[in-house]
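With chain C held as given, fit chain U onto it using these hints.
These protein sequence lines are chains C and U, in that order.
Counting in full-length UniProt numbering, the first sequence runs from 1 upward without gaps.
Counting in full-length UniProt numbering, the second sequence runs from 1 upward without gaps.
Don't take every hint at face value.
Claimed, not checked - Some chain C residues flagged as far from chain U (calculated, every beta-carbon gap over 12 angstroms):
{"#": "1", "residue": "Gly66"}
{"#": "2", "residue": "Ile68"}
{"#": "3", "residue": "Thr77"}
{"#": "4", "residue": "Val80"}
{"#": "5", "residue": "Asp120"}
To be verified - If you anchor each label on the Cβ, the simulated ranges turn out as follows:
{"#": "6", "chain 1": "U", "residue 1": "Ile5", "chain 2": "C", "residue 2": "Thr97", "range": "38 to 44 angstroms"}
{"#": "7", "chain 1": "C", "residue 1": "Ser122", "chain 2": "U", "residue 2": "Phe142", "range": "35 to 41 angstroms"}
{"#": "8", "chain 1": "C", "residue 1": "Gln118", "chain 2": "U", "residue 2": "Ser149", "range": "42 to 48 angstroms"}
{"#": "9", "chain 1": "U", "residue 1": "Asn55", "chain 2": "C", "residue 2": "Ser108", "range": "54 to 60 angstroms"}
{"#": "10", "chain 1": "C", "residue 1": "Val124", "chain 2": "U", "residue 2": "Glu143", "range": "32 to 38 angstroms"}
Derived by calculation from the structure, the hints in this document are not laboratory data.
Ideal Cβ placement from N, Cα and C applies to all residues, glycine included.
Listed here are the chains, written in short residue letters.
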Amino acid sequence: MNGFLEKYQTKGSKDEFIHEVAAVCVLTGKILLQNGAETYRVEDTMNRIANSYAVHHAQSFVTPTGIIFSIEDHDVTQLVRINQRGTNLRKVTEVNTLSRRVAQGEVSLNELYQLLRQIDRSTVAYSEPLQIFAAAVASSCFLLMFLGKWQDLLPAFFAGGAGQAGMIYFHKLAKVKFFSEFMSSIVIGMIALLSVRLGLGIEMNKIIIGAVMPLVPGVAITNAVRDIMAGDLVSGLSKSAEAGLTAFAIGIGVTSAMMLG
Amino acid sequence: MHLFIVITIQAITSYLATCAFGIIFNIPMKPLLHGGLIGMVAWLIYFFLFEFSGNDFAATFAASLVIAIMSQIFARLCKNPVILYSVSGIIPLVPGGLTYSVMSRAVYNHFDVALYFAEKVFILSGAIAMGLIFAEVFYQIFERVKHHSSKKIKKDFFFVKK
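Bound-form chain C, shown alone (with noise of 0.2 angstroms):
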C-alpha cells in the first residue's frame, strides 16, 4: 500500500496493492494507446509490469477506443475509455524506457506511477513551426521522389506548409478529426490550383499528391493491415475504418478546391 490511490478507490477490497497494480497498468496502456503505440505491443507492456510486480493471471484487452484490464485471481477490472488520440512517439519511448526499468526491478510502484503522470501530462514536442517547415520539405521531397518537375518543387513545398499548418489550427479550432482533414485539403487544393493558373507550377496532380502526403492515412491503412494479420481483429478492422474516413475526407476536400476554382 503506498497511498496514492484515495480510500474509496479500494474500499472494501481486500488487497489495495492489487488495485494500485491495475490502476498502474491501465495508466501505462492509456498513455501508449493515445500515442499511436501498436495493439499488440500496448498488451505486451501492461501485462509485463502486471508480472514484474508479482501480478501474475493479468488479461488486457485494447482497441483503439478502450481498454478492459483484468486481473483474474482477484476480482479486479478496470475499463479505460479512449477519446483522444494521436502520434507522438516520443511518449511512447519514455515509456518504453521505464517498463524496461520496471522489468529490471529498479522502479517502486508509487514511483512508477509519479513518473507515469509526469510523462502523460509532458508537452515536450517539436514546436509548430518546425512541424509545419517539415511538412513542406517532406511534400517537396516526395515530389522528387516520385519523378515530378523541379518547378514544380515550390508550389508543392508552399502547398505541404499550408496543409500541415492547417491541420494544426483546425484542430484547435475544432477537434473534430475529418474536419480538419477536409479543410487543410481543401487549402492544398486552391494552393495547387492556383500555382498551375499562374504559371508557377506544372502537372497540378504531381503537386497535389506530394503535398497531401502528410495527410493521407497510408500508415494508418499499413498498421490496420498488419494489426489484422497479427489476430488484433477489432482493432485492425476499426483502424481501417477510421483510415478510409480519413482518405475519404482528403478526396472530398482537394475536389471541392478543384470545382471552386
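Coordinates of chain U only, in the frame set by chain C:
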C-alpha cells in the same frame, strides 16, 4: 552519369522526407536520424526493384522486409521500441498517393479506376505488413535457434565463462 544523379537525388530526398515525417510524429532526435537511414535504404531498394522488374508488390515486400530487419537491429542496439524505426522506414513506401487517387477518382464517378486503385492500396499495405511481421517471426526463430545451439555448444565443446 545520369543514373548517378538520379540515385543521389532519390537518396537525399528520401532521407529528408523520412526525417521530416519523423518530426511530425515527434520521434526523438537520435532515432529520427537512424530512421532516416532506414527510410533511404528501403526507398532505394524499392526504386531499383521497381525500375528493373516492374512489379511493385515484390519491390514493396522486399523493401519492407529490409526495413523490419534493420529496425529490429536498431531497436535492440539502442533499446528503443521497434515502432520508432519501422514507422519512419515505411513512410516512403506507404500507398498514400494511391489512397488519395482512390478518393479523387471516386468523387468524379470513375468507380472502375477507383476500385482498381483501392485493391492496389490493399495489396501494397498487405505487402508492407507482411514484410514487417515476417521479419519479426524470422527474428524469433533466429533467437530460438541461437539460444538452443549456443547452450548445446557451451555444454559439449567449449568451456565458455558466463
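Between C/Ser122 and U/Phe142, does the beta-carbon spacing fit 35 to 41 angstroms?
37 angstroms, holds
Could you tell me whether the CB distance from C/Gln118 to U/Ser149 stays inside 42 to 48 angstroms?
This hint holds: roughly 44 angstroms between Cβ atoms.
Hey, does C/Asp120 actually stay past 12 angstroms from chain U on C-beta?
At roughly 15 angstroms from the nearest Cβ of chain U, C/Asp120 sits farther out than 12 angstroms, so the non-interface label holds.
Is 54 to 60 angstroms a correct range for the gap between the Cβ atoms of U/Asn55 and C/Ser108?
55 angstroms, holds
Check the following: the C-beta atoms of C/Val124 and U/Glu143 are separated by a distance inside 32 to 38 angstroms.
34 angstroms, holds
C/Ile68 non-interfacial with respect to chain U [C-beta, more than 12 angstroms]:
Since the minimum Cβ distance to chain U is about 22 angstroms, C/Ile68 lies beyond 12 angstroms and the statement holds.
Confirm or reject: C/Val80 is not an interface residue toward chain U, with every Cβ-Cβ distance exceeding 12 angstroms.
Since the minimum Cβ distance to chain U is about 21 angstroms, C/Val80 lies beyond 12 angstroms and the statement holds.
Whether C/Gly66 stays farther than 12 angstroms from all C-beta atoms of chain U, as the label says
Consistent with the label, C/Gly66 stays out of reach of chain U, its closest Cβ about 21 angstroms off (over 12 angstroms).
Please verify that the nearest CB of chain U lies beyond 12 angstroms from C/Thr77's CB.
At roughly 27 angstroms from the nearest Cβ of chain U, C/Thr77 sits farther out than 12 angstroms, so the non-interface label holds.
Does 38 to 44 angstroms hold as the CB distance between U/Ile5 and C/Thr97, or does it fail?
42 angstroms, holds
In terms of the numbered hints stated before, the structure departs from none.
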